[in-house]
Amino acid sequence: MSDPSKTRRGRRSYRDRMAPTDTDAVDAAALDAAERYVLLNARLIERHRFAHLFRDGPAEAVVAALRPYANPDGGFGNGLEPDLRGAGSQPEPVAFALRVLHETGGGLDGDAAPGGALVRHAWEWLATVTAPDGGVPW
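The numbers in my numbering rise by one with no breaks, and the one at position 135 of the sequence shown is 135.
Just so you know, these hints were derived from the structure itself, not from any lab.
Quick caveat, the model's predicted, so the values are computed rather than measured.
Check the hints yourself; a few may be wrong.
DEER-style ranges, computed between Cβ atoms [what the hints assert, rightly or not]:
| # | residue 1 | residue 2 | range |
| --- | --- | --- | --- |
| 1 | ALA131 | ARG55 | 36 to 44 Å |
| 2 | PRO72 | VAL26 | 38 to 46 Å |
| 3 | GLY105 | ASP133 | 27 to 35 Å |
| 4 | ARG85 | ALA29 | 18 to 26 Å |
| 5 | ARG120 | ASP27 | 17 to 25 Å |
| 6 | GLU124 | GLY57 | 24 to 32 Å |
Yeah, the Cβ is synthetic: ideal placement off N, Cα and C, and Gly gets one too.
Let's have the full structure, built from the sequences with the hints guiding it.
Printed below as a string of structure tokens:
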């Protein structure tokens, strides 16, 4: 096989078929359709994420939508990760929250940034559940 993007049968792999060829060339109509779908079907947090990432929406709205998923112990739960519906803090919802906060710039300027305190509390929670070898329970 001379072309690494092709499988043994000569077809392009799923990853290569799904990879955008030019991320700057998003068709306005496709973006509008995606926005309509998100507005009609997604949770509040995803609607604010979409607005922030694609329509210059405020980061504060994303952080405000994330805050109800935070637990007093610093972790996240309460169905933030849709496959984990439990209220208790778990590593996967914390990882999801940290990704969302990273998208908003949260924590980059400490507690002053949108969501900065949430980032600090999440790291503190992770320190309480981290095993001696550095792993966290999954």
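Evaluated hints:
| no. | hint | result |
| --- | --- | --- |
| 1 | ALA131 / ARG55: 36 to 44 Å | holds, 41 Å |
| 2 | PRO72 / VAL26: 38 to 46 Å | holds, 40 Å |
| 3 | GLY105 / ASP133: 27 to 35 Å | holds, 32 Å |
| 4 | ARG85 / ALA29: 18 to 26 Å | violated, 35 Å |
| 5 | ARG120 / ASP27: 17 to 25 Å | violated, 40 Å |
| 6 | GLU124 / GLY57: 24 to 32 Å | holds, 29 Å |
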